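Enquirer: Protein chains in written order, with my numbering: chain A, 1 to 143; chain B, 1 to 143; chain C, 1 to 105; chain D, 1 to 105.
Because the hints were derived from the structure by calculation, they are not lab data. Please read these numbers as outputs of a predicted model, since none were measured by experiment. Any given hint could be a false lead.
Computed spacing ranges between beta-carbons, pair by pair [claimed, not checked]: (1) A:K59 / D:E74: 18 to 24 Å; (2) A:Q93 / D:E6: 55 to 61 Å; (3) B:K83 / D:E55: 51 to 57 Å.
Chain B regions said to be covered by chain C (calculated; three or more residues, Cβ under 8 Å) [to be verified]: (4) 44–53; (5) 103–115.
We treat Cβ as the ideally placed atom computed from N, Cα and C, and that holds for glycine.
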Amino acid sequence: MDKKDSLKISIPKKAEYVSIARLTASSVGSKMGFNIEEIDDIKVAIAEACINLIQTSPKENNDNYEIEFNIYKDKLIIIVKDKKGTFTNEEIQKDDLKNQESKLGLFIIDALMDDVEFINYKDIGREIRMTKRIEVVRDGDAV
Amino acid sequence: MDKKDSLKISIPKKAEYVSIARLTASSVGSKMGFNIEEIDDIKVAIAEACINLIQTSPKENNDNYEIEFNIYKDKLIIIVKDKKGTFTNEEIQKDDLKNQESKLGLFIIDALMDDVEFINYKDIGREIRMTKRIEVVRDGDAV
Amino acid sequence: MALKLEKKYNKDKNAWIIKPIGEVDIYTSPNFKKELTDIIKENETDVIIDCSQLEYIDSTGLGVLISGLKKIKEKDKNIIIEHIKPNIKKLLDITGLNKVFIVKE
Amino acid sequence: MALKLEKKYNKDKNAWIIKPIGEVDIYTSPNFKKELTDIIKENETDVIIDCSQLEYIDSTGLGVLISGLKKIKEKDKNIIIEHIKPNIKKLLDITGLNKVFIVKE
Ligand SMILES: Nc1ncnc2c1ncn2[C@@H]1O[C@H](COP(=O)(O)OP(=O)(O)O)[C@@H](O)[C@H]1O
Ligand SMILES: Nc1ncnc2c1ncn2[C@@H]1O[C@H](COP(=O)(O)OP(=O)(O)O)[C@@H](O)[C@H]1O
């Protein structure tokens, strides 16, 4: 299915701004016609992706990170990306994660989204790519 | 005063997405500690800037436009920008505007923000730059 | 948030009442314009806009009101704006439209 | 939205009750952690988390609960989670924490 629209936000790697990512996700999700529970899933998952990225980012990398909302008729693909850094296996494998909280975050993302990938790009950073499909295509309050 | 943080959103030039700009503005404003009426002013002004830019953009330019929120301790500078195009005098001078609605929009922005500029950049587009100052520096619910 | 429009005829006042619920903005104002224009075209009465549940209006929505006013004045009738909230009153004051419309708070 | 924390001692239940109002997220959980840790350190009672007004919790907030549980178990006391909303129940189910905590809906 063709992509219809794309929205991007770029936010500081600080705890206090994660709520803006959640808010935007919720607004995009509602425009696309996801139901309330699905919108909540998307909000929760995007927050966990932001937390993961903020917490695995080296202190000296204080560039903003980006969230891309790619809107299709039947699905939403959200990409949370940092232009620097790489994920280590440590950081993305639930089974051998030492950090309890990160493990919880990954469990949550996996359970709430239909598809999740952690991707490292040589020299140009890393991203968490999550897909949520619309099971029944409904009319949102817009789009 | 030094800039603290910067947030950016990039949105399709379509009517249905202006509400996302309003929502983000309201969230940033509340984090900065603006009061409810000031937050409303910012929301209303940013929407008028988006409307102006969408409506003066040539049909063939359907790239996303960008909104930058530059957060200072004592003020918020919002830049609504399009990477293509130029404003004509027609479009930005309230007194000889033929289009009634655009005139209203400019009146509103001028009244609600402390400082407003329309800027054309040779070959790299145009922007509306608006400043809202915090009269009393308060603690927001974050930042 | 979207816009809902309720309309009904009030016999006592011999006026059509339109009640916009939600937001009249760049996205919803085309629909608002269509409804208002239809009511003005099909009737010979005043039109009351009941703004008690209008949360937000932008310049495109104000433009619809102005264009409605022009059409209704041709029939020697009027648009009356009722029960507006302070945030919307503020916009009418800023734009000078408080002097153009009959506004009751 | 921010987080407000109410805490009081309940004599009947011989337990401290903490009531988080709002959101326990990456921004507010450090403060939640401090409050919970202090209560556990200073008392020898169970702790009830009254979640009737907890709208949202993320992994950092769940982490605070887990770390509190570890500390309170060293004193042979427990954390009881009460009145949770469905969206938060769902997260406890997903993470398996429903089996680790005493959860009353
Ligand atoms: N400050 C204002 N901004 C916009 N419109 C106003 C203002 N004050 C009054 N109006 C009224 O709006 C209506 C439409 O304006 P007009 O200039 O005739 O529009 P047009 O030229 O597009 O037909 C007029 O009745 C005008 O008086
Ligand atoms: N699915 C789960 N995800 C995270 N923690 C869980 C899960 N199920 C149970 N727990 C509990 O969380 C608590 C802390 O886990 P633990 O691995 O001991 O943390 P750490 O290694 O950081 O001390 C343990 O009581 C563990 O059983």
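Enquirer: Each of the hints needs a verdict: does it hold here or not?
Expert: Checked hints:
1. Range check, K59 of chain A to E74 of chain D: Cβ separation about 32 Å, and the 18 to 24 Å hint is violated.
2. As the Cβ distance of Q93 of chain A to E6 of chain D is approximately 39 Å, the hint placing it in 55 to 61 Å is violated.
3. Checked against the hint of 51 to 57 Å, the pair K83 of chain B and E55 of chain D fails, with Cβ atoms roughly 39 Å apart.
4. With 5 residues having a Cβ less than 8 Å from any Cβ of chain C, the segment 44–53 of chain B passes the three-residue criterion, so the hint holds.
5. Coverage of the segment 103–115 of chain B by chain C holds [criterion: at least 3 residues with CB-CB distance below 8 Å; count 6].
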